[in-house]
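Start from chain Z and add chain D according to the hints.
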Amino acid sequence: MRTLLKVGLLVWLLACIAAGTLYAPLARRLFEMTRIIYFHLPVAWITVIAFALSAWWSAVYLRRRDLVADAKAAIWAELGLVACVLATVTGAVFAKGMWGSYWNWDPRETSIFLLLLVYAAYVTLRTAIDDDERRASLSAAYSLIAVVTVPFLIFVVPRIYFSLHPDPLINSQGKRFMEARMFEVVMASFAGYLAVFWWMYRIHLRMALARLSARED
Amino acid sequence: MGRVSRGLLSRALEVARKDWRSERRAQSGLASIGLFALVTLAVLSFSVGPFGAGADLQAALLWVLLLFTGLSGLARVYIREVDSHTAAHLKLLAGPLEVLVGKSLFNLWLLVLVELFVVPLYLVLMAPRVRDFRVLLATLALADVGLVAVSTLLAAVVAQARTRGALFSGLAIPILIPLLLAAIGGTKAALGVTPDARTHLVMLASLDAVLLGVSVFLIEPVWNE
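Sequence order for the protein chains is Z and D. Residue numbers for the first sequence follow my numbering, beginning at 12 and rising by one. Residue numbers for the second sequence follow my numbering, beginning at 479 and rising by one.
In isolation and in its complexed conformation, chain Z is listed as follows:
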């Protein structure tokens, strides 16, 4: 059954790539750079979801003092960091294609880069504390103070400072400015990559639970 799910996921992702190339039309003025949207948007959304989940499990740890919650917070932060690197790199490739340089300190680029720094700092903090409980408490506190800046970075900064970044789905008008077939492929890709990240999360969680039970023994 599990093998079937894995093969199904691979087929789904290949179908998404094919649909992005053959089914969805090119966006106006974006030309061939349109293709990168089907990877960049899903991983950017997964970044925010993963960091929100990390903050949620951090809050749960502070409430229950349960090291499993801390392990979940750490795993989502690490996976969020992976998604954030992918979103940053694909964003830079898009910027090179559209605006002529890989990095322009556009408000969106700045926001994603700062998220990268915040969670890289979170991971570094975890390596700087030996005691498990202390590491869990202090990193949970850092995760929560970091997450309150996220709405400012994602929603406020791009509204205040001029941005070249297209915002067809998340914008101040609350409207969708994306062709229906493109939107379908974006959502299908998002579901596929979310499943990949969920799979990675389950593997990491099993490893963390094994470590915790070995510690108790």
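Hints were generated in silico from the structure; no laboratory data involved. Built from N, CA and C at the ideal position, the CB exists for glycine as well. Among the hints, erroneous ones may be present.
Stated by the list, open to error - Residues on chain D that point at chain Z, a partial pick, calculated with CB under 7 angstroms:
| id | residue |
| --- | --- |
| 1 | A644 |
| 2 | L645 |
| 3 | V692 |
| 4 | V694 |
The following block gives chain D in isolation, referenced to the frame of chain Z:
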């Protein structure tokens, strides 16, 4: 309720006074922050000069200078307690919130002292044309509150870690960037680069409120670890 807040404030002021007494006794702390600010400002002035930078760059350089000067001194409040083995004693005398408020007040006082020295010197050496001093002062005041809120809480975090100095800056700067962007925006408005100071001041005030609220909420698990 009023009595509780008065008790909290008086104990917090006691913590702040104690920190100020140790700072004056040690003497080296404030002097080294002042020296750091002076050397950095000299390097900036030497490399850019009063005519080498537009108002945009001058606003950014002022905040880079204040940020790094502030970070060089603000982490010590909790580290000192851990290094001198007085943290346990302090925990018996005052609650986490009282210690946080006291140490934040002390850090705010330290930052204001640094700015009283650095900002006039910056205005002399870099010669930016300030169009609206009220906006500059409001930006400085609001940014200081957020800077102190984040720095003081993170000082309590890094005091319990193995590596401290570099880790403190690594943890604090990414969180402080939105505040820094708004502070630079407010300073640009004070220098007449942008007409809209209100947006930046409102963003600073909202960041202050959020960061202060989170610090108050999180200090208990951090300080009691």
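Are there hints from earlier that the structure breaks, and if so, what are their numbers?
Result: hints 1 and 4 break, sorted rising.
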